[in-house]
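Engineer: Spelled out from the first residue to the last, the chains are:
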Amino acid sequence: MRVSEQTRLEMPGPRVSPAIEATRTSTAGIRFDELAAAAGLRVLAAGRWPGYAETDPPLPGVAGFIASSFSPMVVEVTRRALSDLDHQGDLDHQETSVTAIVIVSAFGDQISARAVAAAVDAGTRVGPLMFFQSVPNAVAGYVAKQWSLTGPVVAISPAEDALTAGAIEGIDVARLLIADGDADRALVVFVEQQPDRALALLVTSFEQHAFEQHGEVEIR
Amino acid sequence: MDAPRISAVATVSAFGRGVPALHDGVFAGRPAFRRVDRFAVDDRRMRVAAALPGQPDLIEELVAVVDRACADAGLGQVARESCPLLLAVHTEPGAARAGVARSAGALAQLVAATCGLAPSTRAYTSACVAGTSALADAAAMVTSGGCDRVVVAAGYLVESDQFALFDAGRALAVDEVVRPFSAGRKGIVLGDAVVAIVIESAAARNAADPLGFVAGWGRAGDAYHVCQPRPDGAGLARAIDAALRRAALGAEQIGYVNAHGTGTPQSDAAEAAAIRRAFGPSAPAPPISSTKSLHGHALEASGLLEVVITLLALRERRMPINAGFLAPDADCDLNLVLESPAPLVGRYALTVNSAFGGANTAVLVGVE
Numbered sequence: 221m222r223v224s225e226q227t228r229l230e231m232p233g234p235r236v237s238p239a240i241e242a243t244r245t246s247t248a249g250i251r252f253d254e255l256a257a258a259a260g261l262r263v264l265a266a267g268r269w270p271g272y273a274e275t276d277p278p279l280p281g282v283a284g285f286i287a288s289s290f291s292p293m294v295v296e297v298t299r300r301a302l303s304d305l306d307h308q309g310d311l312d313h314q315e316t317s318v319t320a321i322v323i324v325s326a327f328g329d330q331i332s333a334r335a336v337a338a339a340v341d342a343g344t345r346v347g348p349l350m351f352f353q354s355v356p357n358a359v360a361g362y363v364a365k366q367w368s369l370t371g372p373v374v375a376i377s378p379a380e381d382a383l384t385a386g387a388i389e390g391i392d393v394a395r396l397l398i399a400d401g402d403a404d405r406a407l408v409v410f411v412e413q414q415p416d417r418a419l420a421l422l423v424t425s426f427e428q429h430a431f432e433q434h435g436e437v438e439i440r
Numbered sequence: 007m008d009a010p011r012i013s014a015v016a017t018v019s020a021f022g023r024g025v026p027a028l029h030d031g032v033f034a035g036r037p038a039f040r041r042v043d044r045f046a047v048d049d050r051r052m053r054v055a056a057a058l059p060g061q062p063d064l065i066e067e068l069v070a071v072v073d074r075a076c077a078d079a080g081l082g083q084v085a086r087e088s089c090p091l092l093l094a095v096h097t098e099p100g101a102a103r104a105g106v107a108r109s110a111g112a113l114a115q116l117v118a119a120t121c122g123l124a125p126s127t128r129a130y131t132s133a134c135v136a137g138t139s140a141l142a143d144a145a146a147m148v149t150s151g152g153c154d155r156v157v158v159a160a161g162y163l164v165e166s167d168q169f170a171l172f173d174a175g176r177a178l179a180v181d182e183v184v185r186p187f188s189a190g191r192k193g194i195v196l197g198d199a200v201v202a203i204v205i206e207s208a209a210a211r212n213a214a215d216p217l218g219f220v221a222g223w224g225r226a227g228d229a230y231h232v233c234q235p236r237p238d239g240a241g242l243a244r245a246i247d248a249a250l251r252r253a254a255l256g257a258e259q260i261g262y263v264n265a266h267g268t269g270t271p272q273s274d275a276a277e278a279a280a281i282r283r284a285f286g287p288s289a290p291a292p293p294i295s296s297t298k299s300l301h302g303h304a305l306e307a308s309g310l311l312e313v314v315i316t317l318l319a320l321r322e323r324r325m326p327i328n329a330g331f332l333a334p335d336a337d338c339d340l341n342l343v344l345e346s347p348a349p350l351v352g353r354y355a356l357t358v359n360s361a362f363g364g365a366n367t368a369v370l371v372g373v374e
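These protein sequence lines are chains U and A, in that order. So the number in the numbering used here is just where the residue sits in the first sequence, counting from 1, plus 220. So the number in the numbering used here is just where the residue sits in the second sequence, counting from 1, plus 6.
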């Protein structure tokens with residue numbers, strides 16, 4: 221589905237990259253750019269899993285994380301999003317920005333949690349690597365180091381699926397962190413398993429973006 | 007800016023149900039650690055926790071503290087109906103053994119509905135900073151004018167899965183004592199905490215007389231490691247700087263610091279570096295103690311319990327001790343509170359927390 225002319229008129233500004241455009245047609249019909257815009261946020265970059273091709277390569281593994289797709293999905297969609305940040309000066313500003321990381325998952329790393337519960341119930345040994353991957357913000361530390369993201373790290377659980385009904389909660393946390401001043405950008409990663417799906421958005425406020433682009437505040 | 011008000015607090019801890027039990031236990035300075043009998047610990051490297059007797063139910067305890075805090079803040083049905091709940095928990099308690107997926111977010115909605123609060127809830131799952139991240143967001147929400155009041159709650163009750171994970175990660179204190187910032191510290195002891203705090207805007211209609219204020223707050227990341235803190239403490243120091251900046255206070259005005267102080271070797275040293283960095287190498291070091299040496303580490307709920315203890319310390323003008331101390335560690339050059347009574351000087355105190363993923367928070371509490 222193509223973005224309508226009407227939408228283009230409503231979304232002036234820099235060229236929209238293919239990845240961002242594609243998020244507008246996510247499988248569940250959620251327009252993440254519209255959710256973000258309604259909260260006063262501009263999407264600077266996006267990446268998702270599965271991707272847009274007929275078939276994806278296998279999900280790359282991540283050193284130190286085992287048995288579950290949760291953390292590898294976060295790392296991969298972050299790579300796809302931040303690799304996409306290649307236009308209009310947004311990349312330059314990324315190096316000086318304080319970027320928050322918001323992990324949004326209603327059900328968390330279900331595979332890891334069930335594996336730990338099964339081991340405890342059976343009286344068998346729990347692997348030491350399961351220790352840190354049992355909390356959703358552990359992988360945020362991985363991507364924070366990889367991409368030099370020094371803002372707040374937050375993990376939330378919406379009541380419903382993070383990529384559909386729960387998505388707005390992640391947008392709202394990013395909006396609050398930026399408005400409150402502890403970050404000027406936020407990497408928001410929506411991630412769920414069974415089936416595996418993830419989406420990363422790099423967002424900033426319209427005001428912050430206008431300031432970065434023109435050195436002035438945009439009147440909206 | 008009129009600082010967000012703390013209108014009411016309610017707690018459950020290993021010292022018992024209610025703030026008076028917490029108060030008496032913390033200021034007595036005796037750890038609440040006991041042999042775990044909720045689940046089998048025979049195969050673990052250590053066997054104690056700061057746990058209440060019996061098998062308390064997390065949802066029942068959460069509902070009880072939220073209801074108690076709302077009642078103490080004088081919130082009637084109408085006030086509750088427009089009041090959001092921000093809840094910090096690890097997961098929905100039965101999630102890992104349920105046949106269908108369950109979210110912490112749905113648990114927040116259940117607690118809110120049971121207590122007559124607004125359906126606009128949020129569940130924070132960011133481990134040891136979950137509770138204080140929720141509190142910082144609540145303070146931001148009432149300061150920006152979006153809300154008159156917010157209930158912040160957090161709960162963790164010691165259970166078998168986290169006990170097994172911390173044991174597997176060799177993070178539990180094998181000598182069964184928490185020794186924050188001390189030579190010979192071995193690790194953490196898990197603990198129970200269920201906490202609710204009512205935060206109100208200074209402009210809120212019918213606001214209760216405040217117990218204190220959230221004078222400042224800050225959140226920042228390490229960008230360093232999956233589970234280790236930045237050794238130089240720069241991330242936590244930036245969170246402290248942000249809290250001081252929001253409060254428009256200088257570091258010298260902080261009368262007491264309630265530390266994260268888990269009692270693990272690397273984490274305590276990094277925290278000490280952060281405190282020195284934030285307060286300046288030459289300034290007089292603020293008195294500091296980690297009350298995890300008394301109430302254990304309640305993970306998602308620990309930070310919020312420590313906010314309540316920080317408030318109690320300011321109101322009582324006395325500081326709880328850093329228990330379990332054996333001898334100084336050159337990597338933790340701090341002004342530790344080791345003997346009681348220890349009078350607290352000033353109207354402001356700081357409480358800091360750090361978590362996996364390099365997440366850091368600082369909350370600055372004030373009293374009139």
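FYI, nobody ran anything at the bench for these hints, they're computed from the structure. Hints are supplied without guarantee of correctness; some may be wrong.
Listed next, the stretches of chain A that the computed footprint assigns to chain U, with coverage defined by at least 3 CB atoms under 8 Å from CB atoms of chain U [to be verified]:
1) 96 to 106
2) 166 to 178
3) 231 to 241
Don't be surprised by glycine CBs; every beta carbon is placed ideally from N, CA and C.
Engineer: So, for every hint listed, does it hold in this structure?
Structural biologist: Here's how the hints hold up against the structure:
1. 96 to 106: holds (count 5)
2. 166 to 178: Holds: 11 residues of the segment 166 to 178 of chain A have a Cβ under 8 Å from chain U.
3. 231 to 241: holds (count 4)
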